[in-house]
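Kindly produce the complete structure, drawing on both the sequences and the hints.
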Amino acid sequence: MELNFEHVKGINKGDIKLYALSTCGWCGKTKELLNDLGVEFNYIYVDLLEGDPRQQAIEEVKKFNKNCSFPTIVINNEKAIVGFKENEIKEALS
Amino acid sequence: MYENMPEEKINKTYEKLKKDAQAGGYIINPDIDFTKKLVKGLLVNEDRYGYQACPCRISIGNKQEDLDIICPCDYRDSDLNDYGACYCALYVSQEIAEGKKKVESIPDRRPVEEERKMQKENKIESIGSLKYPIWRCKVCGYLCARDNPPEICPICKAKKDRFERFL
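Chain order of the listed sequences is G and Y. Residues 0 to 93 in numbering that gives the first Met the number 0 are what the first sequence lists, from first letter to last. Residues 0 to 166 in numbering that gives the first Met the number 0 are what the second sequence lists, from first letter to last.
Just so you know, the hints here were simulated from the structure itself, not pulled from any lab data. Honestly, I wouldn't trust all of these hints.
In the DSSO-like style, the derived pairs of lysine-lysine whose C-alpha atoms are separated by at most 27 Å in a straight line are [what the hints assert, rightly or not]: (1) Y/Lys18 x Y/Lys116; (2) Y/Lys18 x G/Lys61; (3) G/Lys89 x Y/Lys36; (4) Y/Lys101 x Y/Lys130; (5) G/Lys89 x Y/Lys101; (6) Y/Lys11 x G/Lys28; (7) Y/Lys100 x G/Lys89; (8) G/Lys84 x Y/Lys101; (9) G/Lys65 x G/Lys12; (10) G/Lys65 x G/Lys16; (11) Y/Lys35 x Y/Lys100; (12) Y/Lys36 x G/Lys8; (13) Y/Lys116 x G/Lys65; (14) Y/Lys100 x G/Lys84; (15) G/Lys28 x Y/Lys8; (16) G/Lys65 x Y/Lys119; (17) Y/Lys116 x Y/Lys137; (18) Y/Lys15 x Y/Lys101; (19) G/Lys89 x Y/Lys99; (20) G/Lys65 x Y/Lys62; (21) G/Lys62 x Y/Lys130; (22) Y/Lys156 x G/Lys28; (23) G/Lys28 x Y/Lys116; (24) Y/Lys8 x Y/Lys62; (25) Y/Lys36 x G/Lys16; (26) G/Lys78 x G/Lys65; (27) G/Lys28 x Y/Lys130; (28) Y/Lys101 x Y/Lys17; (29) G/Lys84 x Y/Lys8; (30) G/Lys28 x Y/Lys100; (31) G/Lys62 x Y/Lys100; (32) Y/Lys11 x G/Lys61; (33) G/Lys61 x Y/Lys116; (34) Y/Lys100 x Y/Lys130; (35) G/Lys84 x Y/Lys36; (36) Y/Lys159 x G/Lys28; (37) G/Lys28 x Y/Lys119; (38) Y/Lys35 x G/Lys84.
See the structure below:
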């Protein structure tokens, strides 16, 4: 089952997925940064999901980040950036 | 997305949190906009789950499993000591409050689920020779020797369920 990500239009820098919590300050800053960078990305607020989709999202995050912490950015289904690492995010997506 | 949380409620909670923090020797993040968003997150979580789970961690909605991440979380003091801020950055050190150091996103020291379960199972056995068991508040470290932990921590006001048997 595909999770229902929100899509943000922008410059294509690969498949960028942001797993975030709607209540989290660092997740907010990360999303703002992606917006500022003008890249195309998909995001999902895992705390707003319930039941199976929530569990699925958690499992997807755990694949890249066993702590299942947020925000987690997954780039091209291979690389993950955990936390609001401003420089690392800029470097990876510039 | 919980946009209807009344501004007044957020402000009131923010003021109370700030006052209580100061009274206990803690400092709330001086970035008011950022902090109020976290306060809103705490209130949203209280509505959702019935307790103020950390706004920057995923809650499973089961209080017993989430006790360690109810704000102030069990990890606040160690994170303040090591990084100058707690995980969500609601609480900061003097250095950060004064603008001498920038607050940053830090790694989560909360053990993964499997480790948490193991820790619970491996709780220290009590030392039989003590006249009273020693209880430790996991939020602030307060210790007391009595048959049961107090209803509310006299130091940080955390509830009874945040105490662990220490000895």
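We went through each hint and held it up to the structure:
no.	hint	verdict
1	Y/Lys18 x Y/Lys116	violated, 35 Å
2	Y/Lys18 x G/Lys61	violated, 38 Å
3	G/Lys89 x Y/Lys36	holds, 24 Å
4	Y/Lys101 x Y/Lys130	violated, 47 Å
5	G/Lys89 x Y/Lys101	holds, 18 Å
6	Y/Lys11 x G/Lys28	holds, 24 Å
7	Y/Lys100 x G/Lys89	holds, 22 Å
8	G/Lys84 x Y/Lys101	holds, 13 Å
9	G/Lys65 x G/Lys12	holds, 25 Å
10	G/Lys65 x G/Lys16	holds, 17 Å
11	Y/Lys35 x Y/Lys100	holds, 21 Å
12	Y/Lys36 x G/Lys8	holds, 26 Å
13	Y/Lys116 x G/Lys65	holds, 15 Å
14	Y/Lys100 x G/Lys84	holds, 16 Å
15	G/Lys28 x Y/Lys8	holds, 23 Å
16	G/Lys65 x Y/Lys119	holds, 20 Å
17	Y/Lys116 x Y/Lys137	holds, 17 Å
18	Y/Lys15 x Y/Lys101	holds, 25 Å
19	G/Lys89 x Y/Lys99	holds, 24 Å
20	G/Lys65 x Y/Lys62	holds, 22 Å
21	G/Lys62 x Y/Lys130	violated, 48 Å
22	Y/Lys156 x G/Lys28	violated, 31 Å
23	G/Lys28 x Y/Lys116	violated, 32 Å
24	Y/Lys8 x Y/Lys62	holds, 23 Å
25	Y/Lys36 x G/Lys16	holds, 23 Å
26	G/Lys78 x G/Lys65	holds, 13 Å
27	G/Lys28 x Y/Lys130	violated, 52 Å
28	Y/Lys101 x Y/Lys17	holds, 20 Å
29	G/Lys84 x Y/Lys8	violated, 32 Å
30	G/Lys28 x Y/Lys100	holds, 18 Å
31	G/Lys62 x Y/Lys100	violated, 33 Å
32	Y/Lys11 x G/Lys61	violated, 37 Å
33	G/Lys61 x Y/Lys116	holds, 17 Å
34	Y/Lys100 x Y/Lys130	violated, 46 Å
35	G/Lys84 x Y/Lys36	holds, 20 Å
36	Y/Lys159 x G/Lys28	violated, 35 Å
37	G/Lys28 x Y/Lys119	violated, 34 Å
38	Y/Lys35 x G/Lys84	holds, 22 Å
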